[in-house]
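Engineer: Spelled out, the chains give:
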Amino acid sequence: MKSKYALRFLALGYLGLLLGIPVALVFINAFQDGIGAAWDAVTTPEAQHAFWLTFIMVVVAVPLNTLFGVLCALAVVRQRFRGRALLNAMVDLPFAVSPVVVGLALLLVYGRRDGWIGPWLSEHGVQIIFSMPGMILATMFVSLPFVVREVIPVLREIGTDQEQAAATLGANGLQTFFRVTLPAIRWGVAYGVVLTTARALGEFGAVSVVSGKLSGGTETATLFVENRFQRFDETGAYAASVVLALLAFATLLAMNLIKPKEARG
Amino acid sequence: MSRAFGISGDVLGRGVAMTYLSIVALIPLAAVLLESVDGGLDTFWSAVTTEQAVASLKITLIASLIVVLVNAVFGTLIAWVLVRDEFPGKNIVNSLIDLPFALPTIVAGLTLLLFYGPDSPVGINLAFTRASIVLALLFVTLPFVVRAVQPVLLELDREMEQAAESLGAGKATVFRRIVLPNLTPAIIAGAGLAFARAVGEFGSLVLITGNIPFKTQAASVFIFSQVESDNPIGAAAVSVVLLLVALVVLLIFGWFSKRALRHEE
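Chains as they are written, first to last, in our numbering: chain A, 74 to 338; chain B, 215 to 479.
It is possible that some hints are incorrect.
As the list claims (entries may be wrong) - Pairwise CB distance ranges (calculated):
{"no.": "1", "chain 1": "B", "residue 1": "386", "chain 2": "A", "residue 2": "110", "range": "30 to 40 Å"}
{"no.": "2", "chain 1": "A", "residue 1": "285", "chain 2": "B", "residue 2": "385", "range": "53 to 63 Å"}
{"no.": "3", "chain 1": "A", "residue 1": "100", "chain 2": "B", "residue 2": "276", "range": "50 to 60 Å"}
{"no.": "4", "chain 1": "A", "residue 1": "205", "chain 2": "B", "residue 2": "283", "range": "37 to 47 Å"}
{"no.": "5", "chain 1": "A", "residue 1": "257", "chain 2": "B", "residue 2": "368", "range": "46 to 56 Å"}
{"no.": "6", "chain 1": "B", "residue 1": "368", "chain 2": "A", "residue 2": "82", "range": "17 to 27 Å"}
{"no.": "7", "chain 1": "A", "residue 1": "198", "chain 2": "B", "residue 2": "465", "range": "36 to 46 Å"}
{"no.": "8", "chain 1": "A", "residue 1": "244", "chain 2": "B", "residue 2": "387", "range": "52 to 62 Å"}
Stated by the list, open to error - To spell it out: a stretch of chain A is covered by chain B in this simulated footprint if at least three of its residues, at any positions, have a beta carbon under 8 Å from a beta carbon of chain B; those stretches are:
{"no.": "9", "segment": "81-89"}
{"no.": "10", "segment": "118-129"}
{"no.": "11", "segment": "140-149"}
{"no.": "12", "segment": "176-184"}
{"no.": "13", "segment": "196-210"}
{"no.": "14", "segment": "276-286"}
{"no.": "15", "segment": "309-316"}
Said to hold, decoys possible - Mimicking DSS-like on lysine-lysine, the simulated pairs with C-alpha atoms at most 25 Å apart in a straight line are:
{"no.": "16", "chain 1": "A", "residue 1": "332", "chain 2": "B", "residue 2": "304"}
{"no.": "17", "chain 1": "A", "residue 1": "77", "chain 2": "B", "residue 2": "304"}
{"no.": "18", "chain 1": "A", "residue 1": "75", "chain 2": "B", "residue 2": "304"}
{"no.": "19", "chain 1": "B", "residue 1": "304", "chain 2": "B", "residue 2": "385"}
{"no.": "20", "chain 1": "B", "residue 1": "272", "chain 2": "B", "residue 2": "429"}
{"no.": "21", "chain 1": "A", "residue 1": "334", "chain 2": "B", "residue 2": "304"}
{"no.": "22", "chain 1": "B", "residue 1": "272", "chain 2": "A", "residue 2": "75"}
Rather than coming from a laboratory, the hints here were simulated on the basis of the structure.
Built from N, CA and C at the ideal position, the CB exists for glycine as well.
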């Protein structure tokens, strides 16, 4: 019996020291000078702009990655073609790539001076690096695999009986997808969307490389945290961190609400 | 086999998926690969063997190795406590395990700096030391082993353990001889993912490690500094090494995990 309490103490102690106490300290520090000061810090024009940029990146990257994720999962699970295994393996690649390398990769393709197609795009008035498109591409890259990874096991699990039944009854491909397949995978998709959103909200390294970090220009919420901290505006850094941490907690809540439904189908 | 959208729909679907994957991820990664050998293999070699590059790679690999070992032990312990133990608030603790996935890495670094930095309320200052790298990597990789081991532990048949106990085996022996062999594939799989994540980690290191060359500069931060100082070949060369390390480790750990699984059967 004693060993049980020792193990519990050890596990919870580790979690407390690594996770619990440090995260709690951010909240305490953010409200050190009162809630008013924290509120002021996250409602400055720069802060509002930063959160607005993060919002736009999420709104663009998440739906695109979701659409891709469902199409890709369908291709991997339901289709037979040459290169299927390769596609399945390649999708995971972003998980093995450092965010900084993602940023560098985009720079090498879209860089205005000596990128692959950057100079040509620049001549035609399109700027990718140091502006929104590059930051959105970076966000899309790092959050690419989540929906695919969540939907593939669900598609395997549900099998093809119902889809075949629908087809036998005369439903065409699109009807089968929207009436049979999509309802069956919807919680898997939802779970993937939550993970994608969390990753998109929090991306730092890749966006840091391609954004140019122009305050009030190309500065996202996570870049804002770094910027404020390095300018010794600690209240600003902590208050913005608290907003991001609250979004993280909302993510956990959504995960907990969706997971049981996903398991039940 | 059913077809999601009919034959032509299928081809369109996977065409879109593969094009998207190529534009967002594969082409940019190819650019990194090509840039690294742009000046020939000699240039590549001299870029990855500069003293600073070697030092940063070494720091990253050693820290990641330590982190994986700690994760294997504490991840398994936490999973064990979450599955086999009962205590008030267990569900909340269980949900919080995923917090490092949901929390932006820059915020993770900031929270650690508050508790383990110069203003630490308990007087432990790890900022700008190598220990801070390990700490940050432990934070961001916490969920991998826990989440890999937990489902296996849940499914594990208790009868084997009971049989061993009735034959007079002590708790430690039962764990070592019965439970641990069953968990090994999951522990290895989780550890592999944690390692791949650790070698590429950037955001959580930025604020707490100080990025001192030869001392606390991890490989990802070194790459960032090379991008900033306009040395794309050096950045790309180290990126390729980092990417290879992550992929090889994932392959090796995946192989070991599968082999251990087959051993069980």
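Engineer: Each hint should be assessed against the structure and marked as holding or not.
Structural biologist: Here is how each hint holds up against the structure:
1. 386/B with 110/A: 30 to 40 Å: Taking Cβ atoms as reference, residue 386/B and residue 110/A lie about 53 Å apart, which means the hint is violated.
2. 285/A with 385/B: 53 to 63 Å: At 58 Å between Cβs, range holds.
3. 100/A with 276/B: 50 to 60 Å: With a Cβ separation near 33 Å, residue 100/A and residue 276/B fall outside 50 to 60 Å, so the hint is violated.
4. 205/A with 283/B: 37 to 47 Å: holds, 42 Å
5. 257/A with 368/B: 46 to 56 Å: violated, 24 Å
6. 368/B with 82/A: 17 to 27 Å: Hint holds: Cβ distance 22 Å, inside 17 to 27 Å.
7. 198/A with 465/B: 36 to 46 Å: holds, 44 Å
8. 244/A with 387/B: 52 to 62 Å: holds, 59 Å
9. 81-89: holds (count 6)
10. 118-129: violated (count 0)
11. 140-149: holds (count 5)
12. 176-184: holds (count 7)
13. 196-210: violated (count 1)
14. 276-286: holds (count 5)
15. 309-316: holds (count 3)
16. 332/A with 304/B: holds, 17 Å
17. 77/A with 304/B: Roughly 15 Å separates the two Cα atoms, so the pair holds.
18. 75/A with 304/B: Cα-Cα ~19 Å, so holds.
19. 304/B with 385/B: Answer holds: residue 304/B to residue 385/B is near 23 Å, not above 25 Å.
20. 272/B with 429/B: holds, 10 Å
21. 334/A with 304/B: holds, 20 Å
22. 272/B with 75/A: violated, 41 Å
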